[in-house]
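Chemist: Residue numbers (this note's numbering), protein chains in the order written: chain A, 1 to 147; chain B, 1 to 489.
Check the hints yourself; a few may be wrong.
What the hints assert, rightly or not - Here are the simulated DSS-like pairs of lysine-lysine, each with C-alpha atoms no more than 30 Å apart in a straight line:
| hint | chain 1 | residue 1 | chain 2 | residue 2 |
| --- | --- | --- | --- | --- |
| 1 | A | K53 | B | K267 |
| 2 | B | K75 | A | K53 |
| 3 | A | K43 | A | K127 |
| 4 | B | K267 | A | K127 |
Calculated directly from the structure, the hints in this document are not laboratory data.
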Amino acid sequence: MELRTASAVIGFAESLETGSAKFYEAAAPRFAGLAASFQDFAKENGKNVQAIKRAYYSVISDALETGFSFQDLTTEPYLIETDLSQSAGAADILKIAVANETRIESFYRHAAKCSETLLADLPRVFKRIANSREKRKSALLEGLEKI
Amino acid sequence: MAVPRLRNFIDGEWVEPQTEEYADVINPARGELLARVPLSSSADVDRAVAGAREAFPEWRNTPPAARARYLFRLKELMEERFDELAEVQTREHGKTIDESRGETRRGIEQVEVAAGIPTLMQGFNLEDIAAGIDEHCFFQPIGVFSHIAPFNFPFMVPLWFVPYAIAAGNTFVVKPSPRVPLSQTRVVELFEEIDLPPGVVNMVHGGNLATNAILHHPDVAGVTFVGSTAVGRDIIYKTCGQTGKRVIAQCGAKNFIVVMEDCDLPKSMAGLMTSFFGNTGQRCLAGANLVLVGSGSFQKRALDAFIEAAAGIRVGDGMDESVQMGPLQNTASKERVLGFIEQGIREGAVLALDGRKPKLVDPDLPEDCFLNPSVFVDVSPEMTLAREEIFGPVASVLKARDLDHAISLIHDNPYGNAAAIYTSSGRAAQKFRHDVKCGNIGINIGIPAPMAFFPFSGMKDSFFGTLHGQGKDAIRFFTEAKVVVERWF
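Full structure from sequences and hints, please.
Modeler: Laid out in structure tokens, this is it:
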């Protein structure tokens, strides 16, 4: 699905954060070594949604290009896996987590680039979350190497 | 479910109007009847003005800081109900939900700025203008003011005036557009919720009858109006002159957007689309005439990109977050726009993008109020398309030899609301800003909408009055300077 408006982008970002949180909440009890990190990730996702919405509602203006700034942004490359199969082992879970974080990071970087003209606040939040996703990914990869 | 019948809000009470005449309030995207709005009588206006007049002495003596606190509470409520307020706008007007949220934010900004009244309203003084004599200037409220609102920004535009007027100690009668009365009804409900003293803000729904009653009422000190030039200049401004009222009449527009060959075309396109097709072209700052300046190859490239972007705009119900452009506000608006398109064809312009047959995201929606974007090329400055305000999603493309030629095209037009230039040349931008006789100038900005702390300007046939809405101008409009020369023996 194509994302053309700020509200559609915000809505999709929220669905990514919610889906990602759901994934980590389900994974935490099954992965003692990273349970605490997974729970923190899920909590941070909730804060990300708040930060994005706060930025959007604070800067949105009828005069800015909220309806026309987002180009070539579709949901398909950024869809994440949120369900965990019962048979998934620790390595499987981490691989899915890394793949999810990679997609989410790419989404935020693309959205930040598209929204450069929507005052600074919104792209700044998108970039900040993308950076934090990059760090998460490194932590997950480290975990994967230890298995 | 029964369709609500709206009532007036007078002296702190919701009251039945003294009229049997009602108009339908329709959701233009879906054709649903949302409410019935009374077309109030002059007796209703008399009652509202009487309530405002009675409330004035006590409100005027309420300290400015205390008056400001009501506005802080109003802002808090507006933030809490942000999405609900935006959804009302989209339902009654048709604009996209992003546009409604943007309108809500800009309305709230007015309340925030007006809450600075203890500073904004301060006067000035000078000691020793002569031996032992000091002189002071105070700004004092005047009495009852009124606003006659347009349909295109049902939430925001009344807030260009009401918060400043009441913050300054005046009382108010607002008359929303009968086409979109629900947004202001919600605002007035919030005024009620913050326990604003009765009579400080009153609301009378209605049409021409109520407008005339306001214009001729001896107890109304001033009127603010946003709407067409025909009404603003020939009725509002003229009548206020005859009846001795202060007036702000922000009127029609025909805005030129000049695109220079040195502009960053890809980065400019979102701004151009917003300017021409945002709010379905129904705003006084909307781009109407696209002036391409430069070589033939640039003009072709720019035109192709503009048409391609316009053709791709998703049209539908503004509540759908994927939609980029909603319907016209009613069927009459659509008919009016279609009339201009026919006229353009008759006068020899070429309809390069034909938006007359709507292509909707949801094909099940009624087409009654919808149009897709239209783009005319080979438009000459004399054509109706280039001269008259269409107020719809229609762009007329003109060509200019150079910047001087482009500016002369702007100056040949009777309107002077807004103009914008897209360029990477500081020199061109500086010349444009300096020379162009329009109230609001955009440099690589398609909708140069002044923030709440700047005046919403306008020149030539786009503005009648002296002071403008918003910010310090509004405070001066709603106050009288009183000078005191003081000596003590």
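Chemist: Evaluate each hint against the coordinates.
Modeler: Here's how the hints hold up against the structure:
1. A:K53 / B:K267: Holds: K53 (chain A) and K267 (chain B) sit about 25 Å apart, inside 30 Å.
2. B:K75 / A:K53: Cα-Cα ~18 Å, so holds.
3. A:K43 / A:K127: With a Cα-Cα distance of about 19 Å, the restraint between K43 (chain A) and K127 (chain A) holds, given a limit of 30 Å.
4. B:K267 / A:K127: Cα-Cα ~20 Å, so holds.
Figure legend: structure checked against the earlier numbered hints; every hint is met.
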